[in-house]
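In case you want the letters, here they are:
Protein chains: 2
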Amino acid sequence: MYKLPKHEAEARLKKIQQIIVDTDAEACVITSSVNQYYLLGYIFDGYLYVMREGDPYLFVKRPTNIKGEGVKPVYKPELIPALLREMGVKPPKRVVLETDQLSYSAAVRLQAALEMPEVNNASGELRKARMVKSEYELEQMRESARAHAKVYETIPSLYRKGMTDLELQIEIERQMRLHGSVGIFRSFGENMDIFMGSMLAGDNAQAPSPYDYALGGAGVSPLLPIGANGSVLEPGTTLMVDMAGNYRPYMDDMTRTYVIEHAPDLAYKAHQVSIDIHKAIVEKFKVGTECSDLYIRAEEMARENGLAPYFMGTTQQAKFIGHGVGLEINEPPVLSPRSKEQLLPGMAFALEPKFVLPGIGAVGIENTYIVRENGLENITLFEEELIHL
Amino acid sequence: MYKLPKHEAEARLKKIQQIIVDTDAEACVITSSVNQYYLLGYIFDGYLYVMREGDPYLFVKRPTNIKGEGVKPVYKPELIPALLREMGVKPPKRVVLETDQLSYSAAVRLQAALEMPEVNNASGELRKARMVKSEYELEQMRESARAHAKVYETIPSLYRKGMTDLELQIEIERQMRLHGSVGIFRSFGENMDIFMGSMLAGDNAQAPSPYDYALGGAGVSPLLPIGANGSVLEPGTTLMVDMAGNYRPYMDDMTRTYVIEHAPDLAYKAHQVSIDIHKAIVEKFKVGTECSDLYIRAEEMARENGLAPYFMGTTQQAKFIGHGVGLEINEPPVLSPRSKEQLLPGMAFALEPKFVLPGIGAVGIENTYIVRENGLENITLFEEELIHL
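As they're listed, the protein sequences go chains B and R.
Those letters in the first sequence? Residues 1 to 389, per the working numbering, in order.
Those letters in the second sequence? Residues 1 to 389, per the working numbering, in order.
Bound-form chain B, shown alone:
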């Protein structure tokens, strides 16, 4: 039933079963690809039915080739109660669902099919269950980060004078795919559309977007207003490269900044402050630190250096400087001014203090760190200074 190492599958199942106990439920029905993959190591169209004890049941619409005990073909959710009874399981009184991901229509249909008096949400708990990672998961993130670094290494050789941001992005996308990027970029929530990542050249870094990313960019399509806008890479401006780190199911996140020929002093100064924020946070880090502490420290350093107006954007400023990373690019915790979430061993997060400088562009770096007993492990090992093209 599982396509994961046995101890991984067991540990993950236990976490979900604990959520079922904690939410006073008898079962949890998992329908999102990410959480199906988390539990099983693969995905299907259907209902992954987890109980307080024992292996889950799989009620499968597609594909037709999943076999095993507890795997039952269904073409609609209304068949589930009878199948449960056949297997000697009393239809449950209380089930938790992923109602942050399921559409209203699908959730209500599932509620009726399972004869539930109410709909209960486990989305948040399931996301929290994925927050602390195992060595198996973290090693995938390190592998992803190594491929990511190899791709960024090719950027100077891909650049040609007079190129647009989009032309360079297309060559980087090709390198990403050749280095194993799966292409699609998994995220949580309704305002996270993007294609393979973000390239922000010059003043396009100031363009606000509808999405919940740290920075924006106008994009090239009115249906996807984010990132590169087709502007020529001009000498004296910067190019911020924040392309996806999706080389494994578990991802990393890394931003580096390139300078087109030369840049004003302010670019170097602000970029150094971003690096210094990373250094200060790594140096002072203790297990149990609250996320808000990291935000406050970064914001303080931006202010002390006179960079507050440029911190995390200009016309639209993001109110976070980092976020958890894993199977999705925006996992908990969020490094925001009010998050009391503690950073604990096994968590992985991206830290991205960035500045947007009018007339120049965005500067700063983003690294992905793993929280370890003795401090932070940087897995995104790549030149941090401004890189000249």
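Careful: at least some of the hints might be erroneous.
The list makes no distinction among identical chains, and a pair is therefore deemed to hold if it is satisfied within one copy or across any two copies.
Stated by the list, open to error - When the alpha-carbon atoms are kept at most 20 Å apart in a straight line, the in silico EDC-like pairs for lysine to aspartate or glutamate are as follows:
no., residue 1, residue 2
1, K161, E171
2, K128, E290
3, K61, D212
4, K319, D45
5, K269, E299
Since the hints were derived computationally from the structure, they do not count as laboratory data.
Starting from the known structure of chain B, fit chain R onto it as the hints suggest.
Here is chain R on its own, set in the frame of chain B:
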């Protein structure tokens, strides 16, 4: 307020307002990117509030730079009733939402915010409103199809002996981007993940997938089990190329089949049956034909030619031979055995009778047709025979 030609914006608004009347509602709140774009020509994070008459209101979370009468910043939906009252609008008694797209959590929050006794769904009606296209919309689809054809034209020059399906796909992806593909592939529903389209080489065409596409393929990641699986393109097999036609907001859909060096006679025979099905359907077409008629005709011709076991898959057979196309790749109507939907002028649909031949691969073609008073207009003009690599 609109970034569309005036007559387009007016006609689209009227269609939505008719839905509000038909569903006995006072307003419709649009939250999906696709329907926001349909009405406005751009998207935002927030609530597009359409009433039976007059211009809509925009309650905008992000971006911060949308200006105009009726545009109000909000950071949460609970602020909407007070803002409506300020503008002299009585808070509505009945509002329709897009509950096939909105998450359960978001829909319930919106329901409470607007003090609605129940949640009512307009997703299906809104999709139907987009079914009949204007000349403005159809022209974008023709433009997309022309770019699509130019990309397919490059394929023989991209091919190298011994390549894998994925290696060739990566080069095609690059050509797509250079020809204006926006990258992401807009679709409706919860089982439609894919990255830039599908390449099926040899027996990988038989691998069933969890997704609602015509054919499957094992994919290269357990988190995205669809399409190319990294197998070498072997002489004597076929390669079916069904990459996205997303060169404009309005898309086309086109499949062509390539032969690696040579292929058994059965490949030529079955491919010709696919072409003949297209011809038969185009010849017999009359405005008002029901979708099921097209399916039945195609299935009949597959049977008459002894190809029923290979029709639309082997281990898992799709129960449709085509679908509407527009802002999303899977718009209504569906060409399925029981669809009584009539094909009317201004509709656009993809027709994809395909065969999967064990030991050889998938064959057949997919064209996109526009329904016109006097018949079908094929917009995907490109070599239809098997193309040799």
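> Given identical chains, is K61 near D212, meaning Cα to Cα at most 20 Å, within a copy, between copies, both, or neither?
Replying inline: Only across copies: K61 and D212 sit 10 Å apart there, 33 Å inside one copy, limit 20 Å.
> When no copy is named, should K269 and E299 be tagged within, between, both, or neither for a Cα gap of at most 20 Å?
Replying inline: For K269 and E299, only the intra-copy Cα distance (16 Å) is at most 20 Å; the inter-copy one is 68 Å.
>> Checking an output row: K128 and E290, CA cutoff 20 Å. Within, between, both or neither?
In response: Only inside one copy: K128 and E290 sit 16 Å apart there, 49 Å across copies, limit 20 Å.
> Is it within a copy, between copies, both, or neither that the alpha carbon of K161 lies no farther than 20 Å from that of E171?
Replying inline: within (14 Å within a copy, 23 Å between copies)
> Between copies, within a copy, both or neither: which fits K319 and D45 at Cα up to 20 Å?
Replying inline: between (36 Å within a copy, 16 Å between copies)
Taken one by one, the earlier hints all hold for this structure without exception.
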